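Colleague: Residue-level listing of the chains:
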Amino acid sequence: MEFVLLIFLPIVAALFIPLLFKRMKRIHTGWFVLAVPLILFLYYATYISSTMEGGHAVSELRWIPSMGISFVSYIDGLSLLFSLLITGIGSLVVLYSIFYLDKNKEKLGNFYVYLLLFMSAMLGVVQSDNVISLYLFWELTSISSFLLIGYWYTRDRSRFGALKSMMITVFGGLMMLGGFVLLGIMGDTYSIRELIAAAPNFVGHDYFTLALVLLLLGAFTKSAQFPFYIWLPDAMEAPTPVSAYLHSATMVKAGLYLVARFTPIFAFSEVWVWLVTGIGLLTLFWGSFFAVKQTDLKAILAFSTVSQLGLIMSLLGAGAITFHSDDAVFKFAMFAAIFHLINHATFKGSLFMIAGIVDHETGTRDIRKLGGLMSIMPVSFTVAFIGSMSMAGLPPFNGFLSKEMFLQSMLAIRQFELFQFDTWSILFPVIAWIASVFTFVYSFYFVFRTFAGKRKEGQLPQEPHEAPAGMLISPVILGILVVGIFFIPNLVAKWLIKPAVAAIQPNLYQQPADVDIHVAAWHGFDSVELWLTVGVILIGALLYASLTKWQKFYGLQPANFSLNALYDGMMNFSEKGMNRISRFYMTGLIRTYMIYIFSFISVAVLVILFVQDAFVVDMDSFAHIGVYSIINAVVLILAVCFVLLSKTRLAAIISLGAVGYSVALFFVIFKAPDLALTQLVIETVSVALFLLAFKYLPALKDHGESVKTKMTNGIVALGVGITVTLVALSAHSQKLIPSIAQFYKDTVKTEAGGGNIVNVILVDYRGFDTLFEIAVLSIAGIGVLGMIKLRLARKENSDENK
Amino acid sequence: MINLLLFPIIIPFLFAIVLLFFKERIMLQRGLAVVGLLAALAASLFLVHTVKQDGVQTITLGSWPAPFGITMVSDMFSALLVTTTIVITLLVVIYSFTSIGEAREHYFYYSAILFMITGVNGAFTTGDIFNMFVFFEVLLIASYVLIVLGGEKRQLRESIKYILINVVSSALFVITVAYLYSVVGTLNMADISVKITQVGQPGIITVIAVLMLIVFGIKGSIFPLYFWLPGSYAAPPIPVLALFGALLTKVGVYAIMRTYTLFFVHHTDFTHGLLMILAILTIIAGCIGALAYFDLKQIVIYNIVIAVGVILFGAAQMNESGLSGAVFYLIHDMLIKGALFFLIGIIIYVTGTSDLRKMGGLMKTHASLGWFYLIAAFGLAGIPPLSGFIGKLLIVEGAFQADHIWGSIIILASSLVVLLSVIRIFIYAFWGEPQALPATASQPYKKMMVPTVLLIVLSVLYGIGTEWLVPYMTDASNVLLQPSIYIDAVLKE
Amino acid sequence: MTIFIWICMIIVGLSMAGLMYRVFKGPSVPDRLIALDGIGVMLISAIALLSILFDTRFYIDVILLIAIISFIGTVSFSKFIERGEIIERERNR
Amino acid sequence: MSVIVNILIVITIAVGVLFTAVTTIGILRFPDVYTRAHAASKSATLGVMSILLGVFIHFWYNEGHFSIQLLLGIVFLFITSPIGGHLMSRAAYMAGVKPTELTVGDDLAEVVQKAKRENSKLKPEDQ
Amino acid sequence: MRTNDVILQTTTKVVFFIIFLFAIHIFFAGHYTPGGGFVGGLLTTGALVLLLLAFDLKTVQKALPFNFVIVIGIGLLLALGTAAGSIFFNVPFFTHAFDDFTLPLFGETALHTAMLFDAGVYLVVVGSAMTIIQSIGGDA
Amino acid sequence: MELLMAILIGILFTAAVYLILSRSLLKVILGTGLLSHGAHLLILTMGGLGGSSPPVLDKGASNFADPLPQALILTAIVISFGVTAFMLVLAYRTYGEHKTDNMNLMRGNDEHD
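Protein chains in written order, with my numbering: chain A, 250 to 1051; chain B, -18 to 474; chain C, 1105 to 1197; chain D, 9 to 135; chain E, 196 to 335; chain F, 30 to 142.
Simulated from the structure, these hints should not be mistaken for laboratory data.
Values in this document were obtained by computation on a predicted structure and should not be read as measured data.
The C-beta atom is built at its ideal place from N, Cα and C for all residues, glycine as well.
Heads up, a few of these hints could be off.
What the hints assert, rightly or not - Pairs of lysine-lysine residues, derived as DSS-like cross-links and limited to a Cα-Cα distance of at most 27 Å, are as follows: (1) 122/D x 944/A; (2) 257/E x 1038/A; (3) 427/B x 998/A; (4) 703/A x 618/A; (5) 1038/A x 253/E; (6) 1038/A x 128/F; (7) 896/A x 106/D; (8) 703/A x 825/A; (9) 994/A x 984/A; (10) 122/D x 50/D; (11) 128/F x 896/A; (12) 352/A x 542/A; (13) 128/F x 944/A.
To be verified - Covered stretches of chain F, going by a simulated chain B footprint (3 or more residues, C-beta under 8 Å): (14) 49 to 63; (15) 66 to 73; (16) 91 to 105; (17) 112 to 123.
What the hints assert, rightly or not - If we take Cβ atoms under 8 Å as the criterion, some of the chain F residues that face chain B in the derived model are: (18) 30; (19) 32; (20) 76; (21) 126; (22) 127.
Let the sequences and hints guide you as you build the complete structure.
Modeller: Below you can see the structure in the form of structure tokens.
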């Protein structure tokens, strides 16, 4: 079976959802949906055994093979890990949503369609071997996220958040596409595996760094790294199952996946190590620091997610060091990254679900109104406690293990000597430690402000009570995992982490089994990490105790001096600012537009005429000047002047007629009798037309044009005139190739059977022109008829009059 | 069937003429228009097939040898454009049944449409520079008729501007042809190419190249020449707007692409560099406009400008990826613009306004409209696997290959602006609190949805079925890339 | 013979110049019109003479043509001056 | 023979040119529209007809081309010129161009006045 | 006011035919000497305009009861048909045929399909110009 | 000769553009008229003015003027006639609806809402 098709299973299932939702009113649609991730989870789980051995599976669905674009599902340790996360957490989230979303009030049809869409997209992202299809699914995650955040689309905040997340992530996606294209050009393939194989040749390529930066833009925006994280807090407007699923466990990890996946290609670059580690660490600090400022439960979790993503990102960056140094101290980083990724999915998922439960049961997520729920919601509290402590990095929870490894990796960076790390590397453990302190603080802040302390009576919109059992199943399962992983970390490592690590670091390991890292909760008293953790707990506890005293200092940050303000400013600029800019030159006046056009014509053409040395006047090529021509020219000029100066429309039209007749005379002079005839008759008919139309036209006025306006017009007009003249002279002086006219003279009698060459050209050689030229005339005729006879506006007016 | 390539031009022309005889019989007019377009469509599909099989089709009218008579040339590029044109027109005509109103139908509305696509197809097919002028005039005068038909106040006001601009550009076209004729002494496009190669494109030819760019740029609405477009295009009724938006600017773009790949290929540093800079400025200008307004029509109209910039940017790369990307994107844009205009037409019909801020919550009442709109919007923004993606991908790839890094990044970023502008419509019109809607019958709504959905489905298929199109597109871009194919086909003797 | 035609041409040309003065000077519109009509007539003479000079018969059509259109022009202008519209929908209303 | 014909041609053309010159003098020197119209329509017509006749003979005799167009042209001018003059004068009069002060009487004034009055009476019903 | 146009009207009747004949002549002469469908058509239009000037729209319409849009259509069909005739012989569009025929009355005459095409041009020019003029003249 | 014609054409274009930029609708239309005259003369000039006899087969004539530009001009003349007629009607219809022929008052006010 082609398992690439399984990626599309959720989408296919989604097609039936609206039907099921309509027909099966009595059963919650979620139950049908649940089967999809469950089946997929079980299916993908069967691959564990093979990836543990270092095996991989490939399945291809051709899309545009001629451009090297196809859907290739490539399952190795890394993608399997993500696939399992997606389907596993997905199942739990769907289960949770069945109880969270009311089947009578909500448009479940839409909800599950979006959710399944997302599931497909996410599976596609992590399994795609082809960068183009990776991009396809990448954007699809952005879109489904957009739809899910905007699920309650009548709310302003939802729409705002949806747009914000989409703008930022799609921006990143587009940049990433640029990076992919550059990679494709460098490696002449879109397949990631082939790119990895060709990667050593890329170093030093002009595009290498650019591709790297573009790709990282994609990863950073998706994984909510600084400064792009701002969309994530606003994305919390989505229903909580969505937040738990997309915005903590899976979608935001796509960026991490991307970084991990492309590590073998880019890790050779100094920029990569610096950027990934540095931005990751900065995000870690930034997120944890501002998480404490928040008052909305989900916002706290959002910032904590940001910070945890930063943590994993920095670990991925640190892991890239192994491509530059064989020192064994660096190899923990990648392992820690994957390990923490799993742990984060478990504890953050559970925390979000609890936040949802609190919201669902109390009607608010404002932490200032909550408190003392411990006694009312004991199960929820327990799960929240487990999750929070894990997040804070305390034993006996899985977060402790990965946190230790994280600190260990950051400490190890000090020993890295390339790329000027020797100067700056001390900053890494310091920032990491400070961030850990704040992580500790917000974890406590989240769980104890909600559940401990006194109940604030009367502040809650509804009477709180424990959630229904069904809603608790998913968080409890995750809570059990949190604790469970602490006790069996090496088993998890064997099944999941090592295959993934081996996939990321092919330079180090041939087999997953080669990953010689053993996770231990206890490293002995001499390990620095232990003392750092102790320090975190001590200082963290101190800070938490004094929280109320210093939390208010967050208020010092000016509101219009933040990244959000920047985004708002940009959006505002894109509406009002653009409007203002546009107003500046879009005057709605045809004269302005004409001046733009004419100025461009004369300036551009004149400049190019001289730049290209094209201006040549060759007097020899000119015919001699005849007397009649001069006389006629004078007449023509006079007539033109009269057209310009005439005060009455009749004089103007007579002068225009005079211009026409003298043009006709030129035709006579230059041996063009047919033209002369036509011009004369047309001129007369035109004049008659003008006279006809004058009945309906006003007298000639200049409408108070100022002298300045006239001057401008004059200058522009002169520019055009000079341009035309100069180009004409140059073109005529450079008759490089004789005209094809001789042919007509030779064949007109013999082959066309005519005598008047012009007429024969018109009806025979170039009869096609004539056919359509009379079409023009006909269309003008029927157009005039329609214009005069059909007056919709007037009809409306007369209706109004009645 | 040596005349085959003429049929897509002649059949609409014939039916346009026949319609003149049946001014009062609307049903007959509708029927004839559809029959004519279907016949033309069949002919054009057959033409595409033939071109695929036998290579470039040419015919020199009146049996005169090539540079002397008028040559019509149907290579894959033009054949595809012709086919797309007819498809869109067919759907526009069907869309018009319900939306244009009987008054306009009485005054040669369908006739004008058919005349217009005669001109459009002719311009796509002709191999003679002056004949192209004539076809331009046919399509222009037909477009004048369409833009003014109905005689509403705003229509009249904007028509004046539209016509004025085009009269100027036509005059410019004529003088440019005259300059060209003076220098190389021929009008046949293949022959011009040969002769320019003979003399090695001296400075004067470069000047003419720029003039050509200006001439076609006014029609194709490139940067300093596009200003007239937003106002004028907003005036006519939606079906006409769809037709204009989908076809007219594309004729200018086609002409630029044709001349810049066939004639002026010897100093590409200068000419194509200029084209590229203008293309980028066009994109930026379009982006500003697309964001600046809260008027449905304006937003989509400015997106035309952006698309023109993107296509020309691709064409300016003069490499395989860039050109085939441009071809892909050109046809995509014709389809999707048509679809988008249909959609906003329906939105305006349903809400009775084109001001975004007066809309909201249509998702509750017109969900399917919303979904189709969303698909079209994503297609426009180039989200894979919809139609806009491949073209943009190839254009970006071509630009990177040609070392135009910032240009490609601007193209990518412009997709974001495009997305923002169209998603804004979605957010304002379909999301948000439902607004009171004027009472409208659901029958016209459904009837208007039919062609709209067809067009969207077509554009989706265009994206998904790219693989089937690739051989055609490769043929199309090959002709552009290697003028010799074109020249040999025309001057075969 | 040629010299004679040349002289004639110059005289006709001068006459036209004189009429041109009247066209520009006016004072009234009918004045201009009359002068213009005169120019038309002289144009006929001029072209007739020219066709002798150029030794070609292809301009003779032009002569009759100018006569025709100058008449049509005259009629329409005078109608316009007289009534402000040159084609009535229905006479005698 | 040819000398005679050529002399004939020269004479006719010379006469025509003379009339043409006279026309110009008339139009330039006469005081008002009506007198100028008189000059234009009469002498100019005669002038051009005479020239055309010359040219016609030239083509007929010297070139062997019997030009119907020229003859037709002469006839046409003969018919239309006076009409044109008439219409222009009338237009001038109706447009209210004042004749020169030397004019002795204006017989038409009364009629026109009366007609105009009737016309203004008719107008309201007309609309 | 009522004006007396008897002089003009009488002349016009004569002059109209002169112009019309001349137009036809110019039309037929087109292939060998200056002229052709355009000029012929426009001149005919001129003649018709003269009629309109001298008489009025209603009278002329009564005398010449053409729907000029139909005239356009016929003209276009004629032109297109001439050009398209070649399709049936599988030669390129617009391939004209001409030959000398000996006709009983005219003797040696060259017949040229281009003439038919030119006739189409003539009709279209007349039709279009008259449509425009009549529309404007008939506008209220 | 060509020099003279080129300058003449330049003048025609200058005048045409000047008129097109003016506010009065009628002047704009006059401008387009001049523009097409300029363009037509330009084609003729570009074809070369050296021919000594009309491009009509006739006894003894050999140095024909270039017929092709003439044919092109003829086409262009007819087209510009059609367009001018159309514009003229459009102008008076616009004047009828808007009650002004001032181009400045015909700005698209509703574009900036």
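Colleague: All hints are to be evaluated individually against the structure, with a verdict given for each.
Modeller: Structure-based check of all given hints:
The hinted pair formed by residue 122/D and residue 944/A meets the criterion: a straight-line CA distance of about 25 Å does not exceed 27 Å. Restraint check for residue 257/E and residue 1038/A: satisfied, since their Cα atoms lie roughly 20 Å apart, inside the 27 Å limit. The suggested pairing of residue 427/B with residue 998/A is violated, with an alpha-carbon distance near 62 Å, which exceeds 27 Å. For a cut-off of 27 Å, the pair hint linking residue 703/A to residue 618/A stands: about 10 Å separates their Cα positions.
A hinted pair counts as satisfied when its Cα atoms are at most 27 Å apart, and residue 1038/A with residue 253/E qualifies at roughly 17 Å. Using a Cα cut-off of 27 Å, the hinted pair residue 1038/A and residue 128/F holds, with the two alpha carbons roughly 19 Å apart. Straight-line distance between C-alpha atoms of residue 896/A and residue 106/D comes to about 21 Å, which keeps the hinted pair within the 27 Å bound. A threshold of 27 Å between alpha carbons decides the hint, and for residue 703/A with residue 825/A the separation of about 48 Å lies outside it, so the pair is violated.
Using a Cα cut-off of 27 Å, the hinted pair residue 994/A and residue 984/A holds, with the two alpha carbons roughly 20 Å apart. For a cut-off of 27 Å, the pair hint linking residue 122/D to residue 50/D is broken: about 31 Å separates their Cα positions. Distance restraint check for residue 128/F and residue 896/A: the Cα-Cα separation of roughly 21 Å lies within the 27 Å cut-off, and the hinted pair is therefore satisfied. Of the supplied pair hints, the one linking residue 352/A and residue 542/A is violated, its CA atoms being roughly 35 Å apart against a limit of 27 Å.
Straight-line distance between C-alpha atoms of residue 128/F and residue 944/A comes to about 14 Å, which keeps the hinted pair within the 27 Å bound. Counting residues of the stretch 49 to 63 of chain F whose beta carbon lies closer than 8 Å to any beta carbon of chain B gives 4, which reaches the threshold of three, so the coverage claim holds. Counting residues of the stretch 66 to 73 of chain F whose CB falls under 8 Å from any CB of chain B gives 5; the rule of at least 3 is met. Against chain B, the stretch 91 to 105 of chain F contributes 5 residues with a C-beta closer than 8 Å to a partner C-beta. That satisfies the three-residue criterion, and the hint holds.
Residues of the stretch 112 to 123 of chain F with a Cβ under 8 Å from some Cβ of chain B number 7, which satisfies the need for three, so the listed coverage holds. Checking residue 30/F against chain B: minimum C-beta separation of about 14 Å lies over 8 Å; hint violated. For the restraint placing residue 32/F at the interface with chain B, the shortest Cβ-Cβ distance is roughly 14 Å, beyond the 8 Å limit, so the hint is violated. Given hint, residue 76/F at the interface with chain B, holds; its Cβ is 7 Å from that chain's nearest Cβ, closer than 8 Å.
For residue 126/F, the interface hint holds, since its Cβ comes within 8 Å of a Cβ in chain B; the closest pair sits about 5 Å apart. At its closest, the beta carbon of residue 127/F sits 7 Å from a beta carbon of chain B; the interface hint therefore holds under the 8 Å criterion.
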